[in-house]
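Undergrad: Chain by chain, the residues run as shown.
There are 2 protein chains.
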Amino acid sequence: MGELDVFFKPRSVAVIGASRNPERVGHVILKRLIEIGFPGRIYPVNPKADEILGLKCYPRVSDIPDDIDLAVIALRADLTPSALEEAAEKGAKGAIVVSGGFSEIGNEYLERELLEVAKKHGVRVIGPNCLGVFDPKDRIDTLFLPEEVIPRPRPGEVSIITQSGSLGSTLLTMIRKEGRGISKFVSYGNRLDVDEGDLILYLAEDDDTKVIAAYIEGVADGRKFMDSIRKASKRKPVVVLKGGRTSSGDRAVRSHTGSLAGRSDIFQAAVLQSGGILVSTLNEFVDVPVALATQPPMFGDRVAVLTNGGGFGILAVDALEMRGFRVTPPSEQLMRKLREMLPPYYPVGNPTDLTGDSTPEQFLETGLAFVESGEYDALFLIPLFGVPGMVPDKTERLLLELVERSNIPVVATTVPTTSEVEEVLHRMEKRGLPIYPTPERAAAALYGLRQYGRSVARSR
Amino acid sequence: MGELDVFFKPRSVAVIGASRNPERVGHVILKRLIEIGFPGRIYPVNPKADEILGLKCYPRVSDIPDDIDLAVIALRADLTPSALEEAAEKGAKGAIVVSGGFSEIGNEYLERELLEVAKKHGVRVIGPNCLGVFDPKDRIDTLFLPEEVIPRPRPGEVSIITQSGSLGSTLLTMIRKEGRGISKFVSYGNRLDVDEGDLILYLAEDDDTKVIAAYIEGVADGRKFMDSIRKASKRKPVVVLKGGRTSSGDRAVRSHTGSLAGRSDIFQAAVLQSGGILVSTLNEFVDVPVALATQPPMFGDRVAVLTNGGGFGILAVDALEMRGFRVTPPSEQLMRKLREMLPPYYPVGNPTDLTGDSTPEQFLETGLAFVESGEYDALFLIPLFGVPGMVPDKTERLLLELVERSNIPVVATTVPTTSEVEEVLHRMEKRGLPIYPTPERAAAALYGLRQYGRSVARSR
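Top to bottom, those sequences are chains A and B. Last residue of the first sequence? That's 460 in the working numbering, and every number before it is there in order. Last residue of the second sequence? That's 460 in the working numbering, and every number before it is there in order.
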């Protein structure tokens, strides 16, 4: 069991600064732990309450009739060092300090005090000035954002770490809205103790995490960070979005985190060299990990496009070539095969257009012909609904069969015409076919698979 | 009244090939005309039915006891020339031939026959092999896609013309899904007669169209097309998405439309020179017109960013600078003013971060300070919800007031946390503030306003 396990699988949690007032951070955290069904014991701590949300409340941490594993501290900044001390004396191995009011507004001395206590007792600290952790599988949630305000995503295979809490909650909203899931989410704020390097190494060992995604403005320790990426990338993909890639962006980072970000181009080159995968937009940060979680790496540049909409297919080809992929024509042998299996009026080639008469069977058979030809490194599907043959249920079954039988990555783009189709798409994605709402986003996801392919090939 | 008015405001429509079978194109078109509340008379034509969907059915066009304005022809390709002849003899000024089976599968001779009839009688023809027109304000809809399959968007201010029908229906789905509206939609297919140049000139004169958006694979007549853009751009923005910008994309265009697209780079340069606005992704094709419909052109490169989420603000700055904008620091005078109006712990500058304590009032006052300083050419807002002060209703009112009082373009990006917030966002956008789900998409929309600013400045 890793040292940071205490943040995700504690047997007991003390919420120090629990509150009866539904507006207060210390109330929301307690409520979320109850709502999510936290499987361990929960001890609210507040000298002015006997009971909060049906749980017995303790005046001080020392009054808790048991050891605690994890302390979540939601107190005024100047009260946090003594609270951490008390928690440590009760056996806490970890503490999440959600309170703000530290170095981000010039109170560096409070962080020094907090760090001293932590070091003295060997307690690991996430924060301060952070949201903490959310893990729907282990059922822990210290985010002080009510579920009604920020609805949480389902359990999934991608873990996210983020320096910015507001960006983190925005990401959760996007992920939820797109029907996607999350394994572990950590907002680590001022990273007094636990930093991005620690978290990446921890997630590298975590069996529930298939892909790590990190939003980074600046790192505490550059060498440690790159080392963590190098080690983690040998086991699973690490996706990095660097905030502050431009000169004004860098200036904004310095004002946001108070720390020098360093030369962004050098940082990004180092991430690549360490085997990490770089993305540059919010959509890519969410989209690329979804592809990496289910698809194999991509080991070449040739993409086959299979569509049932001509114009959409053309935009996909443009998007792919803009990303440096090659949409190469099929060999004569493959052309013959395609012509034999499809009606004579279908435009075959690359792209192959299955037209408005398309059926899921044609997607499966033609897709397999592309895969089995050995002429392509990835398959790009555009199954548009809204034509009679594309019955959603059957499309789901046969496209998933295609993914199952393919030895190269498969990604898809389509626009959900109705809420029924949208549900089918979410289900398909969950079961293994990454699906994006535009050809450009699907091409960007494929580019992430290509980056990972390069990383894997290099480390062999 | 323009010659093409007959396609949008006919007094009567004959649906030639109307069908009792709900699966047939001729049924769906009739049903949609009834559902949308077409204000003129509708005459179904089918020799084998007395009545369809409650309307008296006529065996032949010549049996209709009245003149007709518009014929919608949904028959087998080889039957369309004689149907057009009959319609013309009944006074039809326009015909939409939705049927496929013409040049796209090698039957050029049928198109020649159709064109001969059209010229002989002076009937304008949209199609063949197209979806035809949709206009929710004038209440006409010839798209043979049931509303259950492709839900239609509300009336709006942007008109779209598209060569590709499948791309067109995808666009309608995207627009509807994002709560946006449409003025006129035309899928013109094989453009036997009415082409993109005719449509752009018509829409330039149309008071219900504030922005024209054209998806183009190849044009029938390059000079006519560029002339139409030059003329239209003097009155309103014309946004062009060229399918087939890359070498493989161009190959796909040739296979899709059967016509040579010509050098894409030359085409795009000509569009720009004619005052058109170029976009390169599906999202931009939908997003840029929304900004152009409500915001003034942008006449410089300086953008002020006002956010209540630090990380989101940094990604916005990156996205803006990647587009060539400058996120310049405020003057000392403006800095003093910002510091006076905001709490001391807010990071002011560009971006200014209103933090989790932000209120709509602060967005309004700070936004006005940026606008009134004269130091910026556009205002970029990031109002994240999910913090207590950002009450949706009040945010809506005050941000719209900010737009109202601003003399430079304002765009926003935020992520709808709940369906209530999503509705508020749709309403705000409808009332004048373009809102996008990612900073990158908002930056791309602003870039459209900048392109239009250059076009306007050049033509002065």
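For the record, the hints were derived by calculation from the structure and aren't laboratory data. Don't take each hint at face value.
One copy or two, either will do: identical chains are not told apart, so a pair holds if it fits within one copy or between any two.
[As the list claims (entries may be wrong)] Below, in silico cross-link-like pairs of lysine-lysine (DSSO-like), each with a Cα-Cα straight-line distance of 30 Å or less:
#	residue 1	residue 2
1	K177	K337
2	K120	K236
3	K31	K394
4	K231	K394
5	K56	K236
6	K210	K137
7	K90	K236
8	K119	K177
9	K90	K234
10	K337	K90
11	K9	K120
12	K90	K231
Undergrad: Could you run down the list of hints and mark each one as holding or not?
TA: Here is what the structure says about each hint:
1. K177 <-> K337: Classified as neither; 41 Å inside a copy, 39 Å across copies.
2. K120 <-> K236: Classified as neither: same-chain Cα gap 34 Å, cross-chain 69 Å, threshold 30 Å.
3. K31 <-> K394: between (42 Å within a copy, 28 Å between copies)
4. K231 <-> K394: For K231 and K394, neither the intra-copy (42 Å) nor the inter-copy (49 Å) Cα distance is at most 30 Å.
5. K56 <-> K236: Classified as neither: same-chain Cα gap 43 Å, cross-chain 67 Å, threshold 30 Å.
6. K210 <-> K137: This pair counts as within: shortest intra-copy Cα distance 14 Å, inter-copy 50 Å.
7. K90 <-> K236: neither (37 Å within a copy, 70 Å between copies)
8. K119 <-> K177: neither (41 Å within a copy, 52 Å between copies)
9. K90 <-> K234: Close neither inside one copy (38 Å) nor across copies (75 Å); limit 30 Å.
10. K337 <-> K90: neither (72 Å within a copy, 50 Å between copies)
11. K9 <-> K120: Within one copy, since 23 Å is at most 30 Å while 81 Å is not.
12. K90 <-> K231: Neither. Shortest intra-copy (35 Å) and inter-copy (78 Å) distances fail the 30 Å Cα cut-off.
The structure shown violates the earlier hints numbered 1, 2, 4, 5, 7, 8, 9, 10 and 12.
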